[in-house]
Amino acid sequence: MGSWAKPFTVQVSDADLELLHKKLELATFPDELEGAGWDYGAPLADVKRITEYWRDKFDWRKTEETINQLPQFTTEIEVEGHGSLNIHFVHQKSAAENAIPLLFVHGWPGSFLEVRKLLPILTAASPDQPSFHVVAPSLPGFGFSEAPTKPGFGGYQHAEVLNKLMLSLGYNEYVYQAGDLGHVLGVYVANAYGHKHLKAWHTNMPTYRAPTFWSNPLLILEIFTNKAVSQTLEQASRTWKKGGGYYMVQTTVPQTLAYSFADSPDGLLAWIYEKLARIVDDYHWTEDEVLEWISIYWFSRAGPGANVRIYYELTGGNKHDMFEGTKWTSVPLGTSYFPKEPIRFPKSWACLIGKVVFQAEHDKGGHFAAHEQPEKLAGDLRMMFGKGGPAYGIVPGKDGYA
Amino acid sequence: MSEQPFTLAIPDADLEYLRKKLDVVRLPDELDGAGWQYGAPLAHIQRLLAHWKDGFDWRKAEAEINKLAMFTRDVDVEGFGTLNIHYLHQKSEVKNAIPLLFVHGWPGHFLEVRKLLPILTAKSPDHPSFHVVAVSLPGFAFSEGPKKPGFEGRQYAEVLNKVMLALGYNEYVYQGGDWGHLLGAHVAHQYGHKHVKAWHSNMPCYRAPKLLSNPFLTLEPYYSAAARQRISKSAKYRVTGSGYFLEQATKPQTIGYSLADSPVGLLAWIYEKLVAWTDEYPWTDDEVLEWISVYWFSRDGPAASVRIYHALTGGSTHDSFAGAARSTIPLGVSYFPKEIIQLPKSWTQLLGNVVFESEHDKGGHFAATEQPEALAGDLRKMYGKGGPAHGVVPGRNGYD
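These protein sequence lines map, in sequence, to chains A and B.
1 is the number of the first residue of the first sequence in the working numbering; add one for each residue after it.
1001 is the number of the first residue of the second sequence in the working numbering; add one for each residue after it.
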């Protein structure tokens, strides 16, 4: 265990809770077109119901207690050009001493809590499957981590934080699992620390920049010859058109959006719930679950306006894609495909990201795989890193077995 | 209900409610040295918020607005029942003044016509005069909005045309920018020649030309630096400044919750555009807050106004011109340098029958607010004696 890590408990102040309740008392709703359903965004009935539950029934202190059952810590991480950031993380060790150190990175609108259901499965010690020591941070500006204070905190800065966190815990070599922005940052970590520190990684949202005719002529030709490929792309384009508004706003004017996020609890709720409800596979969120998730944003250390800046920083204000400055790496990569993941690229394009050594496809699950299908996702990691698996023993001396 | 005079009188309870909300505002932080790069700067919003709480006098602003000749009337819309529509109607003392319909956009409103009124209605032998009607679009300011889906270009045009007919203006001319421009294409298509005799736009844009139908226009950017320069400005807007458009066109309800619940959220969302889209216009805090207040106190609430983006684009499945073919009625256009969407000037002929063109060296998207003399001057030239659209409304050529 790193000597600088301090135990951490979530402790939202009474003043913050009181302000939230004052605001919830004054919540003002818009009307809605008749029969709108989901055609115009989050439905009024849902947002009202959840907001009223928030106001009258949701018990934050009880939720806080449950969250605090997770072993949490904070540590100072120096980032070149950005000073020191206090980073919050969950760190759950396995009873198996040679467990594989695994860094789990959330995305947006996710949080460190997405690791929760994976923990008991991944850290379980057994002769039959590999076991992991799991580290799940709050990204800078998210959850209970400090946010950067100046512009320019891009992909490589995030990668620096993530790598240094693992090193500070004594994990000189580790593996990595993520989806969403966590996947994007995985590309940066692989580029900057691949082989030396990052030995292998896994993604449940395998995407990268699209191929060009000049770089990958065969993949381009495949679009015309393979119906499954062209259909996937058409679907991706439709999804983008209907659901990409948040991305266009967050990559260009995150500060403008920040005022709404910081000031309106149900405004924040609606923006995030619109995604939670729609990009999952038959997953029934309870009000408590949604509100716990939203509360991490509402009560985040840097305030709810800070997290969306990552979209701007990774894209230069939407001037380029999120992978700018990265390349294909030969770090072994595992991919898992879940049917309701909205951000999908053809499977044959995964080879553009890295050296694919493992691929799994599931018949159930959406964007938040770790939360919706923890057994399936953990199962994929066990297969990838277990005895006989393509990444077995990738971390020297830590093959995951007791 | 036929025409009723309209007096703006926001209830004390609404003012009190706003005050309560302003008292519990929670602001975000900001990156060091962010400036305008990431959106509306914190210092600006803090200053405006402080003024809103302690300096801005809504009742005073309201009294000034009430000096304008405002009315409401019920307008039947096929398939949507009646909507109670708010508008301003300022007649000129010139009996034969040209009836002019002024249409705002988003985040604009009917008050954008304010500075134009004294100029356009002024009587003189040297320039034409206008009777001015400025309608609040359904769902904006004090007009009722539709309550069910399907209220699209055709319906907005129907409302606008019916207001003019109800006022006794069987034939009229039209001026607009932003949605006012886009809806102008619909009004011209539906009622061109029969009712609307000519129109003017300060944001002239249309679909890009297709190579097979207009090879020369399509190829122009390849050999004209001026054309490329204009397109690059539009590209900059598209890439870095159009997030609001896609969000409002696809998820107007989602952003609507924030706009309805957070006065400072609404302020930032709109203020960012008021500054980004204008040519160094020296907004005063009172001006900004009056502008925002029209949204905050609007009849259907601020969330209703953004639905127009979804309605006119089919939820971002087509452009706003769908259903509006090019009309042959005379079209005048004014180009302002800081307008957000700029296309090669030669493409304007795809939009309509261009009879008047004017270019200015100052002004942006909110031309009527920023450059009222320039804009009014263009209308005077277009419709005045010797102008290309003079006498286009029979019996009302603008002179007595």
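These are calculated hints, taken from the structure and not from any lab test.
Small disclaimer: the values here were computed from a predicted structure and weren't measured.
Some clues are possibly wrong.
To give an idea of the chain A side of the interface with chain B (calculated C-beta under 10 Å), a few residues [stated by the list, open to error]:
| id | residue |
| --- | --- |
| 1 | 19 |
| 2 | 22 |
| 3 | 28 |
| 4 | 31 |
| 5 | 60 |
| 6 | 154 |
| 7 | 242 |
| 8 | 271 |
| 9 | 319 |
| 10 | 388 |
| 11 | 389 |
| 12 | 392 |
Here are the simulated DMTMM-like pairs of lysine to aspartate or glutamate, each with C-alpha atoms no more than 20 Å apart in a straight line [unchecked claim]:
| id | chain 1 | residue 1 | chain 2 | residue 2 |
| --- | --- | --- | --- | --- |
| 13 | B | 1236 | A | 321 |
| 14 | A | 242 | B | 1029 |
| 15 | A | 117 | A | 375 |
| 16 | A | 241 | B | 1319 |
| 17 | B | 1362 | B | 1373 |
| 18 | A | 48 | A | 292 |
| 19 | A | 22 | B | 1319 |
| 20 | A | 22 | B | 1373 |
| 21 | B | 1020 | A | 25 |
| 22 | A | 150 | B | 1029 |
| 23 | A | 340 | A | 282 |
| 24 | A | 6 | A | 65 |
| 25 | A | 93 | A | 282 |
| 26 | A | 275 | A | 288 |
| 27 | A | 150 | B | 1032 |
| 28 | B | 1147 | A | 46 |
| 29 | B | 1147 | A | 31 |
| 30 | B | 1147 | A | 34 |
| 31 | B | 1020 | A | 16 |
| 32 | B | 1053 | B | 1319 |
| 33 | B | 1095 | B | 1064 |
| 34 | B | 1148 | A | 34 |
| 35 | B | 1020 | B | 1057 |
| 36 | A | 57 | A | 97 |
| 37 | A | 117 | A | 288 |
| 38 | B | 1233 | B | 1057 |
| 39 | A | 117 | A | 282 |
| 40 | A | 275 | A | 16 |
Using N, Cα and C, we set each Cβ at its ideal position, and we do this for glycine too.
To see whether the hints hold, each was checked on the structure:
{"no.": "1", "hint": "19", "verdict": "6 Å, holds"}
{"no.": "2", "hint": "22", "verdict": "5 Å, holds"}
{"no.": "3", "hint": "28", "verdict": "5 Å, holds"}
{"no.": "4", "hint": "31", "verdict": "7 Å, holds"}
{"no.": "5", "hint": "60", "verdict": "16 Å, violated"}
{"no.": "6", "hint": "154", "verdict": "13 Å, violated"}
{"no.": "7", "hint": "242", "verdict": "6 Å, holds"}
{"no.": "8", "hint": "271", "verdict": "6 Å, holds"}
{"no.": "9", "hint": "319", "verdict": "7 Å, holds"}
{"no.": "10", "hint": "388", "verdict": "47 Å, violated"}
{"no.": "11", "hint": "389", "verdict": "42 Å, violated"}
{"no.": "12", "hint": "392", "verdict": "44 Å, violated"}
{"no.": "13", "hint": "B:1236 x A:321", "verdict": "16 Å, holds"}
{"no.": "14", "hint": "A:242 x B:1029", "verdict": "30 Å, violated"}
{"no.": "15", "hint": "A:117 x A:375", "verdict": "8 Å, holds"}
{"no.": "16", "hint": "A:241 x B:1319", "verdict": "13 Å, holds"}
{"no.": "17", "hint": "B:1362 x B:1373", "verdict": "12 Å, holds"}
{"no.": "18", "hint": "A:48 x A:292", "verdict": "17 Å, holds"}
{"no.": "19", "hint": "A:22 x B:1319", "verdict": "42 Å, violated"}
{"no.": "20", "hint": "A:22 x B:1373", "verdict": "48 Å, violated"}
{"no.": "21", "hint": "B:1020 x A:25", "verdict": "11 Å, holds"}
{"no.": "22", "hint": "A:150 x B:1029", "verdict": "11 Å, holds"}
{"no.": "23", "hint": "A:340 x A:282", "verdict": "9 Å, holds"}
{"no.": "24", "hint": "A:6 x A:65", "verdict": "18 Å, holds"}
{"no.": "25", "hint": "A:93 x A:282", "verdict": "32 Å, violated"}
{"no.": "26", "hint": "A:275 x A:288", "verdict": "17 Å, holds"}
{"no.": "27", "hint": "A:150 x B:1032", "verdict": "5 Å, holds"}
{"no.": "28", "hint": "B:1147 x A:46", "verdict": "19 Å, holds"}
{"no.": "29", "hint": "B:1147 x A:31", "verdict": "9 Å, holds"}
{"no.": "30", "hint": "B:1147 x A:34", "verdict": "6 Å, holds"}
{"no.": "31", "hint": "B:1020 x A:16", "verdict": "17 Å, holds"}
{"no.": "32", "hint": "B:1053 x B:1319", "verdict": "40 Å, violated"}
{"no.": "33", "hint": "B:1095 x B:1064", "verdict": "27 Å, violated"}
{"no.": "34", "hint": "B:1148 x A:34", "verdict": "5 Å, holds"}
{"no.": "35", "hint": "B:1020 x B:1057", "verdict": "16 Å, holds"}
{"no.": "36", "hint": "A:57 x A:97", "verdict": "43 Å, violated"}
{"no.": "37", "hint": "A:117 x A:288", "verdict": "16 Å, holds"}
{"no.": "38", "hint": "B:1233 x B:1057", "verdict": "38 Å, violated"}
{"no.": "39", "hint": "A:117 x A:282", "verdict": "18 Å, holds"}
{"no.": "40", "hint": "A:275 x A:16", "verdict": "26 Å, violated"}
Violation of the numbered hints given earlier is confined to hints 5, 6, 10, 11, 12, 14, 19, 20, 25, 32, 33, 36, 38 and 40; the remaining hints are satisfied by the structure.
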